[in-house]
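Per the numbering used here, the sequence shown runs over residues 145 to 383.
Warning: the hint list may mix true and false statements.
To be verified - The list that follows gives simulated cross-link-like pairs (lysine-lysine, BS3-like), each with its CA atoms no further than 27 Å apart:
{"no.": "1", "residue 1": "K291", "residue 2": "K309"}
{"no.": "2", "residue 1": "K171", "residue 2": "K199"}
{"no.": "3", "residue 1": "K199", "residue 2": "K256"}
{"no.": "4", "residue 1": "K291", "residue 2": "K253"}
{"no.": "5", "residue 1": "K190", "residue 2": "K223"}
{"no.": "6", "residue 1": "K253", "residue 2": "K309"}
{"no.": "7", "residue 1": "K272", "residue 2": "K291"}
{"no.": "8", "residue 1": "K255", "residue 2": "K199"}
To be clear, the hints were calculated from the coordinates, so they are not data collected in a lab.
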Amino acid sequence: MRKSENGRKGCFQSTFDTKLNDSLLLKNLRQLLQGEYEFEASCKDKFGAEVKFVKRFTLYGRNESELPFARPFWVSPLKQTYEPSETAILDIGTSYGDGGWMLLEVVQKGKKIRSEWICIGQQRQQIKFPIREQDRGGFELRMLFVKNGRVHSQELKVNVPWTDKQLQIEFATFRDKLLPGAKEEWLVKIKGPKGEKVVAELLATMYDQSLDAFRTQSWEWGRCVRILCLDAFLGRSLL
């Protein structure tokens, strides 16, 4: 691993055997300076050809006041998925000495629910968004920064999943070996995200797995969802 700037200085090197471990721990990252780094891993395949993987990433401390590198407009979210009652945090800043003004817009379900101008400077600053229950489904952050006749813009998606509607599905009874012509009944339990009882509908299907020898079966749930949504929009029923 090496720093991407200042002459691409190497700062970490190690050998790794995938037969012994399935992960590599990058140690002593706290001792490194902020900035952009490049991680490179290489090996040889069974034919003796070199295989290389290169990944660039940014290293910076949450408590640091300076930007990790010089950028006209720098934006970094703490994370991209939140739950209600949490607070979304966005780090912003600019390398321009005299700073500038940034337009921030929050868009949810195609509607702009927040718009404000924020003064940003060389010191890194945070913008916080309390996540509410009505924010489920997520929202977008649109940022616009104009300086010296140049426009810098960025859009970020903040995910607030419908975890309150996730269902737990498990088999109460299941037999994987049957005789031809035999009758069988499978019992399925459906519970809410906290294990509570819920009212739900279940679609079950089966197919002859031996036909996979000719063509593998694949479930195109995305297409089914689009059809159901279109029928609901047009007021049609599949029944």
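Structure-based check of each hint:
1. K291 with K309: Given that 27 Å is the threshold and the Cα spacing comes to 44 Å, the pair is violated.
2. K171 with K199: holds, 17 Å
3. K199 with K256: Measuring from Cα to Cα gives roughly 36 Å; hence the hint is violated.
4. K291 with K253: Answer violated: K291 to K253 is near 30 Å, above 27 Å.
5. K190 with K223: violated, 39 Å
6. K253 with K309: Within the cut-off at roughly 19 Å; holds.
7. K272 with K291: holds, 24 Å
8. K255 with K199: violated, 36 Å
Hint compliance for this structure: hints 1, 3, 4, 5 and 8 are not met, and every other hint is.
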